[in-house]
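Position chains B, C and D with the ligands relative to chain A; hints supplied.
Residue numbers (the working numbering), protein chains in the order written: chain A, 1 to 240; chain B, 241 to 480; chain C, 481 to 612; chain D, 613 to 744.
Calculated directly from the structure, the hints in this document are not laboratory data.
Accuracy of the hints is not assured; some may be wrong.
As the list claims (entries may be wrong) - Computed list of lysine to aspartate or glutamate pairs in EDC-like fashion (alpha-carbon distance at most 16 Å, straight line):
1. K186(A) / E456(B)
2. K636(D) / E681(D)
3. K336(B) / E669(D)
4. K336(B) / E704(D)
To be verified - Part of the chain C face toward chain B, derived, beta carbon under 8 Å:
5. V554
6. H557
7. K558
8. G591
9. D594
Every residue gets a Cβ at the ideal spot worked out from N, C-alpha and C, and that includes glycine.
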Amino acid sequence: MVDPRKSIIDQRLGKIGRIIAVSSGKGGVGKSLVATTFALTLVQKGYNVGLFDLDFTSPSTHIILGAEDVQPIEEKGIIPPVVHGLEYMSLVFYTKDHATPLRGADVSNALIELFAITIWSNLDFLIIDMPPGIGDAMLDLIRLVANIEFLIVTTSSRLAFETVKKQAVLLQDLKVSTIGILENMKMDNNGCIQAQTGELGLRFLGGISFDPTVEEAIGDKSQLLGTAFARKVAEILGEP
Amino acid sequence: MVDPRKSIIDQRLGKIGRIIAVSSGKGGVGKSLVATTFALTLVQKGYNVGLFDLDFTSPSTHIILGAEDVQPIEEKGIIPPVVHGLEYMSLVFYTKDHATPLRGADVSNALIELFAITIWSNLDFLIIDMPPGIGDAMLDLIRLVANIEFLIVTTSSRLAFETVKKQAVLLQDLKVSTIGILENMKMDNNGCIQAQTGELGLRFLGGISFDPTVEEAIGDKSQLLGTAFARKVAEILGEP
Amino acid sequence: MHEWALAEAVVAAARQIAKKEGLKEVKEVVIKVGELQQVELEIFEFALSKLEAQGFEGTEFNISLAKTELQCRVCEHKWLFDKTNLAEDTVEAIHFVPEVIHSYVRCAKCGSPDFKLLKGRGVWIERLRGAK
Amino acid sequence: MHEWALAEAVVAAARQIAKKEGLKEVKEVVIKVGELQQVELEIFEFALSKLEAQGFEGTEFNISLAKTELQCRVCEHKWLFDKTNLAEDTVEAIHFVPEVIHSYVRCAKCGSPDFKLLKGRGVWIERLRGAK
Ligand SMILES: Nc1ncnc2c1ncn2[C@@H]1O[C@H](COP(=O)(O)OP(=O)(O)O)[C@@H](O)[C@H]1O
Ligand SMILES: Nc1ncnc2c1ncn2[C@@H]1O[C@H](COP(=O)(O)OP(=O)(O)O)[C@@H](O)[C@H]1O
Ligand SMILES: [Mg+2]
Ligand SMILES: [Mg+2]
Ligand SMILES: [Mg+2]
Ligand SMILES: [Mg+2]
Ligand code: NI
Ligand code: NI
Ligand SMILES: [Zn+2]
Ligand SMILES: [Zn+2]
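The shape of chain A in the complex, shown without the other chains:
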């Protein structure tokens, strides 16, 4: 018994320049906000960009984008709808407002299915919004997506960084390409995360302050791109 789906993934992703997974061992550090804003920033720069939400049990990017009333089209595969210039894919198209209680094996299966049937165009970048943790989704990207790169998000808190550190060391051990660590909702200026990132031999991408205007901007692309948060994302990740 062979699962044919894995055999087509290379071909499905073959026309994509770079595939970047915005990831964190820790939840709630801003992965979804960074991934979405990063993707929108790249669109503004004129790149062809896709955004793929792999956080199946707590998807957020559709809320950040305000992506209502869109749906993929079924052709010789699934064609992602274009939202604010982004080719956009999320399991939420199929789960709507229902809870999606998936065990890890189901997450893995759904992920493989979506990679096998989604037809992206010639993208310069595919940005992936990851679920928290280092479980099925991360392990599947490592084994199935040849040129995957991880961008790791942390906050300034020890509680986030302890976990992120373990994740970063693991990715290094596995020789998986890691762009660097981004410190989000940065709390003070002691440079502690930056220093520790250096000790890990990883690139510190920069720090982004907590921006109280972000919450209001969720669901409104123009407002979001006008926030100090988005300007900082563009400054740090605008030329990836």
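Frame of chain A; chains B, C and D with the ligands shown alone:
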């Protein structure tokens, strides 16, 4: 082939008054901080309390407690060490500072193993710190722990509450006991989460502000219990 | 119509297997299609026939359906998937990603969404018959 | 010594199965112990013999070891667990919770921690033999 471990779990938990899982579909909302502080508060009140960290891939409670140099004792099972008066169990005792890349099926297996071999004493409360999401760990607690109660944590953000709402509706549908929803790192006073919690027919437990002194207090029990955060946890959850 | 994408996957996998096993010619690819995914067999077969040109000229694609068996992890109840009482939207969602069944279907005996797919999920290759 | 806890689980499970199957007497419980968990058989057997008093007076607990087979999800390499090169701490950690093997062991061929335990994880009951 029968897995004998599930058959002993009822007996292992038989002497425990209440078992409360601090949970959230969303990551980074303060589950670990709330769970730990809640457990310590109950100890202060004179209860016999256990704290069980089920966030295997990003454990945090050992950092919050400053639980270094403790280890379970092997007897006719595993006896959790007592930390600040808490019977405390975490997979970190066995994974140390190594990353723990577990797929969902492994999470489930490790969870069942720990429930089967950990010997808690006559506890009034066992507080469980959950991983984010509604995956293997939540589903296993529902099927394996007869009298489990969920305490759901959210932030004020739409991004957290949309997911928490789905989770809360699911738990209601499944007739799983839910204590209520706690709004952590509360942002304003518009009562939006409180109102929506009411609409779900759930109890709104209260709101806790962002407390900038918490980060400093991580790892130091006395300092933690002196924060405004801890006072608020005690006020809201002190008489559960 | 995304059946085409699944057919492409089957052909790509068959090519890989044939290469790995050193087959010069693939005579038959035995394919199982789980009922859960509600694959439209005509489209799927049509796609396979078009894709045959790509190195599978004489190959027979032998497709058969498999019932979908589910088992509850809570009460161990087993049952066969039946779309009769599901909304059209739901069946379509499951058609694209079978796992979303956990958002819509519950164990008939105990109401749990925590069930396994024992068999009959999607498309898989049972075996290849060829000549070296 | 936590073998005692595992033995208690076996006895509890055997009691449940016997009840479910309506057995008046359990003659034999066939138990497999996966090598991975490094269960100390003397303690485990001693615990079972003490627990026999609780309704399993004439029962034979038939224990055999099973090799631990692992398979990498990345490169499909299969191998048998071998503790030779592991630190004592690590073996002990795996003894308590076999899954922590993913923190310490990597596929020898490709270095991945993403492997499955095909068999021989911990303690399981293969079957009960009894009389109704
Ligand atoms: N720099 C920031 N300033 C203000 N709020 C932020 C910032 N980064 C993230 N947030 C908020 O923090 C919460 C968690 O962000 P989210 O992107 O959902 O994290 P994750 O995807 O890692 O769980 C959300 O409510 C989000 O709006
Ligand atoms: N009320 C609060 N005030 C200040 N910081 C908080 C508060 N609640 C949580 N935090 C911080 O937010 C981050 C996430 O909390 P944590 O308990 O780790 O969340 P979770 O367990 O849900 O992932 C941590 O850095 C924690 O210290
Ligand atoms: Mg997210
Ligand atoms: Mg384009
Ligand atoms: Mg936590
Ligand atoms: Mg006590
Ligand atoms: Ni289709
Ligand atoms: Ni032992
Ligand atoms: Zn059931
Ligand atoms: Zn390997």
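When you check the alpha-carbon spacing of K636(D) and E681(D), does it fall within 16 Å?
37 Å, violated
For the hint on G591(C), does the least C-beta distance to chain B fall short of 8 Å?
7 Å, holds
Satisfaction of hint between E669(D) and K336(B), Cα-Cα up to 16 Å:
42 Å, violated
When the least beta-carbon distance from K558(C) to chain B is tested against 8 Å, hint result
16 Å, violated
Does the alpha-carbon distance linking K186(A) and E456(B) stay inside the 16 Å limit?
15 Å, holds
Interface hint outcome for H557(C) [beta carbon to chain B under 8 Å]
Hint on H557(C): violated, closest Cβ of chain B at ~13 Å, above 8 Å.
Min Cβ distance, D594(C) to chain B: is it shorter than 8 Å?
OK, holds: D594(C) within 8 Å of chain B, min 5 Å.
Restraint satisfaction for V554(C) [CB to CB of chain B, less than 8 Å]:
5 Å, holds
Between K336(B) and E704(D), does the CA-CA distance stay at or below 16 Å?
13 Å, holds
Comparing the model with each earlier hint shows violations of hints 2, 3, 6 and 7; every other hint is respected.
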